[in-house]
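Enquirer: Spelled out from the first residue to the last, the chains are:
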Amino acid sequence: MGISVEGACKRFGDFQALDDVSIDVPDGSLTALLGPSGSGKSTLLRAIAGLEDLDSGQVTINGEDATGKPAQKRGVGFVFQHYAAFKHMTVYDNVAFGLKIRKWKKQETSRRVHELLQLVQLDGLAGRFPSQLSGGQRQRMALARALAVEPQVLLLDEPFGALDAKVRKDLRSWLRRLHDEMHVTTIFVTHDQEEAMDVAGQLVVMNEGRVEQSGSAADLYDQPANEFVMSFVGEVNRLGDHFVRPHDMTVSLDRDAGDEEAMVQRIVALGFEIRIEFVLGDGTEVWAQLTRSELQKLELREGQIVYLRPSQTKSFSGDSPPDGRGASTPHDPQGDDDAGVPAAA
Amino acid sequence: MGANPASRWGLRVLGLGYLTMLLLIPLVMIFYKTFEDGIGPPLDAITSPDGLHALKLTLLMVVIAVPLNTIFGIGCALLLVRHKSKANPVIDAIINLPFAVSPVVIGLSLFLLYGTGGWFAFLGENGIKILFSVPGMVLASIFVSLPFVVRETVPVLQEIGTDQEMAASTLGANGWQTFWKVTLPSIRWGVAYGVVLTTARVLGEFGAVTIVSGSISGQTQTLPLFVEKQYQNFSLPGAYGASLVLALLALITLFAMNLLKRKEDA
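In the order they appear, the protein sequences are chains P and D. Using this note's numbering, the first residue of the first sequence is number 1, and each one after it goes up by one. Using this note's numbering, the first residue of the second sequence is number 346, and each one after it goes up by one.
What you were told as hints is all true, and nothing was included just to trick you.
Distance condition first, Cα-Cα at most 30 Å in a straight line; then the derived DSS-like pairs of lysine-lysine: (1) D:K526 - P:K105; (2) P:K69 - D:K429; (3) D:K526 - P:K69; (4) P:K69 - P:K105; (5) D:K526 - P:K87; (6) P:K69 - D:K431; (7) P:K87 - P:K105; (8) D:K526 - P:K106; (9) D:K378 - D:K574; (10) P:K103 - P:K69; (11) D:K606 - P:K87.
Calculated from the structure, these hints are not laboratory results.
Please build the complete structure, drawing on both the sequences and the hints.
Expert: Structure below.
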């Protein structure tokens with residue numbers, strides 16, 4: 001059950017948008033497709049919805065092969081980045097659209113539409129036109145419209161991408177609560193790792209048309225399968241072959257065996273978090289994340305020579321694995337356990 | 346730029362002066378000349394059997410050519426915008442032909458095609474009269490007014506994008522439902538404007554229709570041809586009166602469109 005994609009390939013001219021992609025989305029889960037632009041995440045989502053035909057591969061929705069089916073028969077709810085509101089219809093008619101297509105009776109339609117408008121907190125605005133709504137309201141209307149037809153799965157393509165930061169945060173937690181209530185299998189696409197980690201239970205990281213790794217937010221952060229995942233889901237410094245998160249850098253004034261000598265270049269106070277930029281002997285620039293009290297204890301100033309020791313590093317043999325399934329195992333000099341990195345199905 | 350009130354006024358005077366000289370004064374002259382000797386003479390000319398026939402024939406051209414070009418125009422615009430293909434630039438250029446080619450040449454080409462020795466001359470030989478009759482005039486009217494709906498609809502289709510149509514399909518609408526409930530309502534102002542321009546063009550078409558119709562009074566004479574004939578015969582009240590009727594028809598079309606638009610904006 002849920003959604004599964006097997007061996008999806010899609011090419012646009014010379015551009016390989018999807019390169020043998022397979023994912024499994026468990027029934028009732030909230031999954032994020034995370035990746036930079038051009039990574040194929042939106043194409044994958046549209047292929048699941050039937051808005052894009054695959055060159056090869058198979059899409060299964062709730063156990064049923066949906067590969068050749070047109071979008072209108074897949075029973076998916078789709079929410080677009082730019083809302084795709086029907087501009088010539090009122091909020092009511094937008095939400096009622098799918099029900100009218102299904103020839104629902106007037107009374108039942110009205111009941112259902114008002115129920116949904118209440119759910120998305122737009123019940124007073126049924127008679128307005130989309131142009132009279134704010135971006136956040138339009139997106140909630142679009143969500144109500146998608147949910148009206150009781151879709152088997154809900155697909156959201158960068159749903160908060162066009163909204164400003166504050167509205168975005170509100171809608172994020174609102175979407176998570178909504179999912180907790182409705183339990184409809186949901187996939188949403190984002191390029192914002194913080195958003196993905198905040199909202200989704202499961203993440204699928206994509207890059208250049210392939211799945212790099214999938215798993216929980218903690219899995220990806222603590223056990224990244226490769227350099228790409230490590231640097232995409234969080235900040236990272238490179239020390240030779242090793243990768244270190246800025247908060248895993250220990251700064252000390254005394255030299256210990258294996259320490260790197262570094263000069264403090266700049267100290268940036270970002271409230272509670274302090275960002276210190278260093279330059280190493282070989283010219284490499286790295287930075288460390290310290291708390292206010294740590295900084296006060298060290299009494300650092302710019303130009304000072306200090307010693308850096310990573311408390312935890314990762315290194316990866318070679319680049320991302322050729323099969324794109326994130327199977328490479330990080331080996332960890334500090335002895336972190338190599339508990340299986342969940343591979344994409 | 347243009348913040349200076351003097352230059353702003355200068356531009357206004359220049360623009361309005363240009364319009365007045367070139368458009369307004371000639372039209373006012375027609376109005377004035379028509380009623381110079383009272384309402385009687387022009388009214389008599391227009392209500393004469395030939396005059397009424399010309400009016401009916403003109404409206405018949407509109408009733409046939411405008412719906413056909415509207416349906417074709419919307420279909421063609423959808424093809425050009427929604428179905429990218431290598432043939433599209435060619436189709437696009439062909440659609441612009443009636444704009445580029447003089448109406449007289451269009452008339453002549455139809456004449457060659459359907460006249461004696463033409464490829465489609467067999468139609469006339471088998472009793473299907475095209476030239477010097479209504480079918481030929483309809484063909485000419487369709488030809489000259491063909492690009493308007495396409496040209497007005499294409500940019501609107503491009504602007505609305507495909508998101509709304511895709512949203513409709515994920516909500517269960519099939520292609521036909523999507524077109525009627527989502528696409529057409531979204532492009533209706535572009536289409537309406539194209540229809541108005543098409544109507545105005547068909548009402549006023551002279552060159553192409555003259556050649557294929559033969560301009561036979563009471564038979565194949567539309568209002569513009571009637572105006573010319575009256576003018577040639579020094580029957581000036583008739584020419585002015587018919588001109589005024591033509592101008593009024595065009596104004597009614599524009600006015601109706603404006604009314605609709607205002608209703609929409611409210």
